[in-house]
Amino acid sequence: LIAEKTGPHFAVGDTCYSHEEDMVTYNPDGKQIVARENDFSKLRSEDMSKAYFNCHTDITIPYDELDKITVIRKDGTTEDIISDGRFVLAGIEELNKPLDR
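Our numbering puts the first residue of the sequence shown at 670, with every later residue one more than the last.
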């Protein structure tokens, strides 16, 4: 979840920083950007055509249009992360501050 966006952000296809798993990249503010390896990108050393799709689609849902984002655990228990467009999970209340602006 990216608080500086207008809502939760999901990417379909390659990651935002595909082809950079072995590199160190920084935002203009000096914060490091980390490209995580996944089951596909780890194939880059064997067959690049199997490692990346060369497409990336972002989907952002505005917080105020969300009812809930709920985690369902393996044991069947649930816990809300977002409810009524607000972060409700203990310890992440700070993420609501940009929403109050």
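Treat the hints as calculated values from the structure; they're not laboratory data. Remember, it's a predicted structure, so these values are computed and weren't measured experimentally. Heads up, the beta-carbon is just placed ideally off N, CA and C, and yes, glycines get one too. A couple of the hints might just be wrong.
Unchecked claim - Derived Cβ-Cβ restraints for the label pairs, each shown as a range:
1) Glu763 to Ile702: 29 to 35 Å
2) Met692 to Thr739: 33 to 39 Å
3) Arg770 to Asp708: 35 to 41 Å
Comparing the hints with the structure gives:
1. Glu763 to Ile702: 29 to 35 Å: About 21 Å separates the Cβ atoms of Glu763 and Ile702, which means 29 to 35 Å is violated.
2. Met692 to Thr739: 33 to 39 Å: Between Met692 and Thr739, where Cβ atoms are some 36 Å apart, the hint holds.
3. Arg770 to Asp708: 35 to 41 Å: holds, 38 Å
Taken one by one, the earlier hints fail for this structure only at number 1.
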